[in-house]
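Below are the chains, spelled out letter by letter.
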Amino acid sequence: MDLKTLCEINAPSGNERELRRAILEEARGLCGAENVRIDRMGNVLAFRKGREVGRPHVCVSAHMDEVGFIVLGATEEGLLQFRPVGCIDPRVIVSKRVTLGDQKLPGVIGAMAIHLQTDKDMERVLGYKDLYIDIGAKDKDDALAHCPPGAYASFDTPYTPFGEGFVCAKALDDRVGCYNMLELMRERYPGDVTFAFLTREEVGLRGSIGAGYAVQPDISINLEGTAANDLGCTESRFDVCCPGRGVAVSFMDNSSVYQRRLYQKLNRLADKGGIAHQPKRGVTGNNDAANFQRAAGGALACTLSVPCRYIHSGASVCCLSDVEAQYALTRAFLMNA
Amino acid sequence: MRTEDFLRESAALPGLSGNEQAVARYIADAFRPLCDEVRIDPLNSVIARIQGRGPKVMLCAHLDEIGLMVSRIEEDGALRVGHVGGVDPRILPGMRVTVYGRETLLGVVGAKAPHLLTAEERKKNYKEEDLYIDLGMPAERVRQLVQIGDCVTLEGGFTKLLNGRYAMKTADDRSCVAILLRAAELLQRVDTAADLYFVASCQEEVGGYGAMTAGFGVDPDMGIVLDVTHAKTPGTPEYEAFSIESPTIARGPFLHPVLTARLEEIAKANNIQFQQEIVPRYTSTDADDLEAVRGGVPCMLLSLPVRYMHTSVETFDMRALEESARLLAACCAAIDDTWRDDLWI
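Protein sequence lines correspond, in order, to chains A and B.
Going by my numbering, the first sequence opens with residue 125, and the numbers climb by one from there.
Going by my numbering, the second sequence opens with residue 7, and the numbers climb by one from there.
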């Protein structure tokens with residue numbers, strides 16, 4: 125399945141069904157239906173038997189869900205009140221388009237006209253309590269008939285090739301990981317591999333709690349998209365990672381201290397294989413590797429990330445060569461684990 | 007031409023104030039089958055005439071749009087921008103824009119990431135100078151393709167919502183140009199006395215200069231200006247925002263009292279719903295400039311309420327647009343030599 129198809133499916137945390145179905149079908153085709161299951165947290169677990177015995181069991185994981193929105197109710201005039209699902213800075217949602225529910229009903233998030241605002245208003249951040257989704261409803265009943273409380277919304281952004289070798293899309297975090305897992309699944313490896321497509325990462329690493337317990341791997345390689353702040357003359361010490369310079373290998377983030385020997389092995393493999401890579405230079409973010417590292421009796425863990433600019437916005441940007449590098453390094457590891 | 011198609015297609019064309027060539031050509035082509043003569047004046051206003059022997063009437067809606075202009079290319083290839091017209095910087099972070107360089111380029115507006123801001127900075131909005139445009143290419147390539155002064159338009163997109171409502175960039179004011187076009191269509195089978203000039207004016211967003219110069223060229227006996235006004239949303243001030251469902255007719259010192267009363271009568275006679283808008287001073291539309299052209303041009307002001315003005319999701323009601331066109335056509339049909347009589351007595 126191509127990255128465009130994956131990005132354009134809506135799967136806000138807790139509402140991953142459409143993407144789960146698509147991934148399930150693809151995974152069954154690649155691994156055999158008997159090797160693919162859905163666990164009790166909605167994760168898709170696909171098992172690839174190794175060619176040899178005595179090798180460690182590796183779990184490669186990526187989360188299916190994306191940041192999005194959920195409807196709380198509606199105003200008398202028919203505007204939907206909502207909150208984010210996952211962390212979205214409200215400053216990036218003003219004057220943007222969304223789609224709601226399974227029927228992908230279009231909506232827009234407006235702001236009161238600049239003409240009607242005081243200078244003081246203009247300084248204040250428009251928060252979720254000040255913003256509404258407009259679907260064109262006549263009144264409250266009309267709005268709630270189309271989008272009842274609990275309806276989910278996603279950014280409405282087409283996947284678009286961008287600049288030179290880049291793409292701009294919603295949900296690159298973490299469809300890049302899902303995409304590479306589906307590609308990696310095409311092969312068999314010396315050891316056993318489980319590919320775990322996870323739910324609800326963006327609301328607190330929830331799906332991986334169940335998957336970690338279900339899989340109990342020896343080694344966890346988590347594939348992610350991570351924030352890059354390299355442009356606009358940001359001081360280089362703040363960049364964390366740079367799109368176009370390869371897959372970012374984490375030594376630590378806010379939820380895990382990765383075992384040094386695994387980090388070093390991944391770096392050695394990348395050097396040896398001529399795979400573009402960079403250390404993730406900064407301790408930022410949380411991800412599912414934490415739950416695999418601590419599942420049952422514990423596992424070795426590391427995270428390999430594609431650098432993404434404007435992550436958690438409707439227009440995230442990444443470099444396709446970094447997506448390839450994430451694939452290449454994960455494959456090299458699976459061949460040598 | 008279907009109004010929806012006109013709006014979708016014209017919204018996709020760039021027309022920043024002062025650089026309206028592309029959208030002006032498109033609008034001139036749209037008027038051509040409906041009018042006796044069509045021209046584009048030296049500033050980029052489109053002037054389309056349905057000839058008559060009666061009073062000269064200038065119908066005016068602006069074709070230009072707000073946007074950004076490249077002001078600096080940073081060492082890393084990020085573009086800094088200034089604004090053309092009143093762009094609210096709060097709508098920009100995470101927006102996809104189009105940069106009209108040597109090639110037409112997709113850009114994404116970036117800002118310093120939230121976790122790099124101090125707690126104090128996080129409470130404030132980004133200012134224009136905090137933002138940049140990412141083109142996804144190396145700095146040297148950016149310098150080959152982009153120059154200072156290149157135009158940048160906001161996210162396009164044309165979204166059909168429920169109940170005949172639409173969200174688009176440049177509903178301000180191409181929805182009103184659409185009203186002009188629709189009125190011209192409705193007048194095709196009507197024998198009008200008035201000499202009608204449909205003007206899609208340029209440079210409204212920077213000061214009404216298109217209406218001023220086109221008005222000089224046309225030298226009309228009266229003007230009907232069409233622009234957008236604010237539609238109500240939570241928090242909009244009383245008397246400054248209106249129901250999205252019908253047009254407004256404005257009264258105030260910049261507008262002619264007798265003509266305005268006649269326009270209201272025509273609306274009532276044709277069973278067209280309208281709201282009254284009271285504008286105590288400047289109307290902040292082309293009427294302010296047209297009214298003062300040559301020896302003076304008595305003006306009426308008909309407005310279409312839109313939500314979220316000056317964003318890329320300006321939202322309006324198609325029925326209100328249709329009804330505005332019906333009112334405009336009815337008014338044009340009614341204007342005859344009796345409208346030349348002294349309107350001040």
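Just so you know, the hints here were simulated from the structure itself, not pulled from any lab data.
It should be emphasised that the depicted structure is a prediction, and the values quoted were computed from it without experimental measurement.
Cβ coordinates follow ideal geometry from the N, Cα and C atoms, glycine included.
The reader is advised that the hints may include incorrect statements.
[As the list claims (entries may be wrong)] List time: in silico BS3-like cross-link candidates among lysine-lysine, alpha-carbon distance up to 27 Å:
no.: 1; chain 1: B; residue 1: K118; chain 2: B; residue 2: K129
no.: 2; chain 1: B; residue 1: K118; chain 2: A; residue 2: K228
no.: 3; chain 1: A; residue 1: K228; chain 2: A; residue 2: K128
no.: 4; chain 1: A; residue 1: K173; chain 2: A; residue 2: K228
no.: 5; chain 1: A; residue 1: K253; chain 2: B; residue 2: K133
no.: 6; chain 1: B; residue 1: K130; chain 2: A; residue 2: K389
no.: 7; chain 1: B; residue 1: K133; chain 2: A; residue 2: K228
no.: 8; chain 1: A; residue 1: K262; chain 2: B; residue 2: K129
no.: 9; chain 1: A; residue 1: K244; chain 2: B; residue 2: K166
no.: 10; chain 1: A; residue 1: K262; chain 2: B; residue 2: K130
no.: 11; chain 1: A; residue 1: K253; chain 2: B; residue 2: K274
no.: 12; chain 1: A; residue 1: K244; chain 2: B; residue 2: K274
[Stated by the list, open to error] Restraint ranges, calculated between C-beta atoms of paired labels, are given here:
no.: 13; chain 1: B; residue 1: Q279; chain 2: A; residue 2: G153; range: 44 to 50 Å
no.: 14; chain 1: B; residue 1: R147; chain 2: A; residue 2: A157; range: 27 to 33 Å
no.: 15; chain 1: A; residue 1: G398; chain 2: B; residue 2: Q27; range: 48 to 54 Å
no.: 16; chain 1: A; residue 1: I162; chain 2: B; residue 2: Q27; range: 54 to 60 Å
no.: 17; chain 1: A; residue 1: D126; chain 2: B; residue 2: A298; range: 29 to 35 Å
no.: 18; chain 1: B; residue 1: E81; chain 2: A; residue 2: P285; range: 22 to 28 Å
no.: 19; chain 1: A; residue 1: T199; chain 2: B; residue 2: R14; range: 45 to 51 Å
no.: 20; chain 1: A; residue 1: D243; chain 2: B; residue 2: S77; range: 20 to 26 Å
Given hint K274/B paired with K253/A - CA-CA distance at most 27 Å: It is violated: about 40 Å lies between the C-alpha atoms, which goes past 27 Å.
Given a hint of 44 to 50 Å, does the C-beta separation of Q279/B and G153/A actually sit inside it? violated, 58 Å
Pair hint K262/A and K129/B, alpha-carbon separation not exceeding 27 Å: violated, 34 Å
Do the alpha carbons of K118/B and K129/B lie within 27 Å of each other, as the hint requires? holds, 14 Å
Quick check on a hinted range of 54 to 60 Å for I162/A and Q27/B, using CB atoms only. holds, 57 Å
Cβ separation of D126/A and A298/B, checked against the hinted range 29 to 35 Å: violated, 59 Å
Please test the hint of 48 to 54 Å on the beta carbon pair from G398/A and Q27/B. Between G398/A and Q27/B, where Cβ atoms are some 50 Å apart, the hint holds.
Kindly confirm whether 45 to 51 Å is satisfied by the beta carbon distance between T199/A and R14/B. violated, 29 Å
With the threshold set at 27 Å, check whether the alpha-carbon distance from K253/A to K133/B stays at or below it. Cα-Cα ~22 Å, so holds.
Quick check: does the Cβ-Cβ distance between E81/B and P285/A fall within 22 to 28 Å? The hinted range 22 to 28 Å holds for E81/B and P285/A, with Cβ atoms some 25 Å apart.
Hinted pair, alpha-carbon criterion (27 Å max): K244/A, K166/B. Please report holds or violated. violated, 33 Å
Would you mind confirming whether the straight-line C-alpha gap from K244/A to K274/B stays at or under 27 Å? violated, 42 Å
In this structure, the earlier hints numbered 2, 4, 6, 7, 8, 9, 10, 11, 12, 13, 14, 17, 19 are contradicted, and the remaining ones agree with it.
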